[in-house]
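There are 2 protein chains.
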Amino acid sequence: MTTTTLNVKGMTCNHCVQAVEGALTELSGVERALVDLKANSVAVEYDESVVTVEQMTEAIEDQGYDVEA
Amino acid sequence: MTTTTLNVKGMTCNHCVQAVEGALTELSGVERALVDLKANSVAVEYDESVVTVEQMTEAIEDQGYDVEA
Numbered sequence: 001m002t003t004t005t006l007n008v009k010g011m012t013c014n015h016c017v018q019a020v021e022g023a024l025t026e027l028s029g030v031e032r033a034l035v036d037l038k039a040n041s042v043a044v045e046y047d048e049s050v051v052t053v054e055q056m057t058e059a060i061e062d063q064g065y066d067v068e069a
Numbered sequence: 001m002t003t004t005t006l007n008v009k010g011m012t013c014n015h016c017v018q019a020v021e022g023a024l025t026e027l028s029g030v031e032r033a034l035v036d037l038k039a040n041s042v043a044v045e046y047d048e049s050v051v052t053v054e055q056m057t058e059a060i061e062d063q064g065y066d067v068e069a
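In order, the protein sequence lines correspond to chains G and V. Residue 1 is where the first sequence starts when you use the working numbering, and the numbers rise one by one after that. Residue 1 is where the second sequence starts when you use the working numbering, and the numbers rise one by one after that.
Bound conformation, chain G alone (with noise of 0.2 Å):
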């Protein structure tokens, strides 16, 4: 289990943090997402043997968002 925290653009009010956690912990090897609204963040916890940064980052765009390098 490791821990990343990616940024992440246009998270306005508590919909989008739902969406973007949903969007994650539903990716299966994600355990943990707690988004920082305020730091435009969300900090996932994650088995990097079953999901990559790369499908969080797509499943976040997937709901509209976009994530900065």
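Honestly, the hints are just simulated from the structure, not real lab data. One or more hints might be untrue.
If several chains are the same, the list does not tell them apart, and a pair holds so long as it fits within one copy or across any two.
[To be verified] Simulated pairs of lysine to any residue, SDA-like, Cα-Cα distance not exceeding 20 Å:
1) LYS38 <-> GLU48
2) LYS9 <-> ASP66
3) LYS9 <-> SER49
4) LYS38 <-> THR2
5) LYS38 <-> ALA19
6) LYS38 <-> TYR65
7) LYS38 <-> VAL51
8) LYS38 <-> THR12
9) LYS38 <-> GLU54
For this one, chain G is given, so just place chain V on it according to the hints.
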């Protein structure tokens, strides 16, 4: 409920992660805490009518870690 991300110095391993997350989630008003070990940060979801950033900082410092402003 609101979220913040605190910068924590001195966390080196999963025992540190457990100590910091545990100290935070034991506080009344703290809903969730997720440490990013590589980023030296902890994202916290909390009820600002119940617990303050100062109290969270103290709880982390009591575990032997420094919180940077």
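Status of each hint after checking the structure:
1. LYS38 <-> GLU48: between (27 Å within a copy, 14 Å between copies)
2. LYS9 <-> ASP66: For LYS9 and ASP66, the Cα distance is within 20 Å only inside one copy (5 Å; across copies 29 Å).
3. LYS9 <-> SER49: neither (27 Å within a copy, 28 Å between copies)
4. LYS38 <-> THR2: between (23 Å within a copy, 9 Å between copies)
5. LYS38 <-> ALA19: Answer is within; shortest intra-copy Cα gap is 16 Å, inter-copy 25 Å.
6. LYS38 <-> TYR65: Within one copy, since 15 Å is at most 20 Å while 24 Å is not.
7. LYS38 <-> VAL51: Classified as between: cross-chain Cα gap 18 Å, same-chain 26 Å, threshold 20 Å.
8. LYS38 <-> THR12: within (9 Å within a copy, 26 Å between copies)
9. LYS38 <-> GLU54: So LYS38 and GLU54 pass the 20 Å test across copies only (18 Å; inside, 23 Å).
The structure shown violates just one earlier hint, number 3.
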